[in-house]
Amino acid sequence: EAQVTQNPRYLITVTGKKLTVTCSQNMNHEYMSWYRQDPGLGLRQIYYSMNVEVTDKGDVPEGYKVSRKEKRNFPLILESPSPNQTSLYFCASGRNDRVSSPLHFGNGTRLTVT
Amino acid sequence: TQLLEQSPQFLSIQEGENLTVYCNSSSVFSSLQWYRQEPGEGPVLLVTVVTGGEVKKLKRLTFQFGDARKDSSLHITAAQPGDTGLYLCAGARYGGATNKLIFGTGTLLAVQP
Chain X
226 EAQVTQNPRY
236 LITVTGKKLT
246 VTCSQNMNHE
256 YMSWYRQDPG
266 LGLRQIYYSM
276 NVEVTDKGDV
286 PEGYKVSRKE
296 KRNFPLILES
306 PSPNQTSLYF
316 CASGRNDRVS
326 SPLHFGNGTR
336 LTVT
Chain C
646 TQLLEQSPQF
656 LSIQEGENLT
666 VYCNSSSVFS
676 SLQWYRQEPG
686 EGPVLLVTVV
696 TGGEVKKLKR
706 LTFQFGDARK
716 DSSLHITAAQ
726 PGDTGLYLCA
736 GARYGGATNK
746 LIFGTGTLLA
756 VQP
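Line by line, the protein sequences give chains X and C. Numbered by our numbering, the letters in the first sequence go through residues 226 to 339 in order. Numbered by our numbering, the letters in the second sequence go through residues 646 to 758 in order.
Note that these hints are calculated values from the structure, not bench results. Model, not experiment: these values are computed from the prediction. Relax, there's no trap hidden among the hints.
Capping the alpha-carbon separation at 25 Å, the derived lysine to any residue pairs in SDA-like fashion look like this:
#, chain 1, residue 1, chain 2, residue 2
1, C, Lys745, X, Leu313
2, C, Lys745, X, Glu278
3, C, Lys745, X, Ser326
4, C, Lys745, X, Asn251
5, C, Lys715, X, Asp284
6, C, Lys745, X, Val285
7, C, Lys704, X, Ser325
8, X, Lys296, X, Met252
9, X, Lys290, X, Arg335
10, C, Lys745, X, Pro286
11, X, Lys282, C, Ser675
12, C, Lys745, X, Val277
13, C, Lys745, X, Thr230
14, X, Lys282, C, Lys745
15, C, Lys715, X, Pro327
16, X, Lys294, C, Lys745
17, C, Lys701, C, Gln654
18, C, Lys701, X, Arg323
19, C, Lys715, X, Val285
20, C, Lys702, C, Ser718
21, X, Lys296, C, Ala742
22, C, Lys701, X, Asn321
23, X, Lys282, C, Val673
24, X, Lys282, X, Val246
25, X, Lys296, C, Val689
26, C, Lys702, X, Arg323
27, C, Lys745, X, Asn332
28, X, Lys282, C, Ser676
29, C, Lys745, X, Gly283
30, C, Lys715, X, Arg269
31, X, Lys290, C, Ala742
32, C, Lys745, X, Asn276
33, C, Lys745, X, Asp284
34, C, Lys745, X, Asn298
35, C, Lys702, X, Ser326
36, C, Lys745, X, Gln228
37, C, Lys745, X, Asn321
38, X, Lys282, C, Asn744
39, C, Lys702, X, Ser325
Full structure from sequences and hints, please.
Listed below in structure tokens is the structure:
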């Protein structure tokens, strides 16, 4: 089954403790992206990747890092999480970066930073 | 940052009623997408409209892209409990690239049986 898999689904952590949220897709998609979803703000893009070793900042990249060493994986790294990063995070992938190529989303990771 | 404003934010209706959700911006978009997100899941693409004035139908859902490509609407006829979810619009700012998608603020729809 074609899917985007995120782990973990839920995460509670403390300020400053480094964490990684994993994202993997099995569709051989070139394009991958991370979003955060907050009430009243919709989905905001954090980082995206057009292909292996090619990443770029989205609209809200501060406090986040990503890497794309393999085509299928696109982990999101929070080196020193802060409470304002408490949010619902989604990973998405697409065949390419064109709008005509539909985005496939994972089921989300709900992060709480205390 | 450009925003796509959706209205209403929340909508609770009875099964069988009709409803319309609006998506508005002051910016022009090359295309616009509508997604539905169910609890505990990620958004799922419903439709993409690309031409000003375009109307697309998906069973009981009718999507329209404004003539000036700044706004869009989603009309649901005879709503059913299975239509419950968060509806998101997303506009492509220019060039048609996904990495330039702007998502709306969302409309949470609850259809009561």
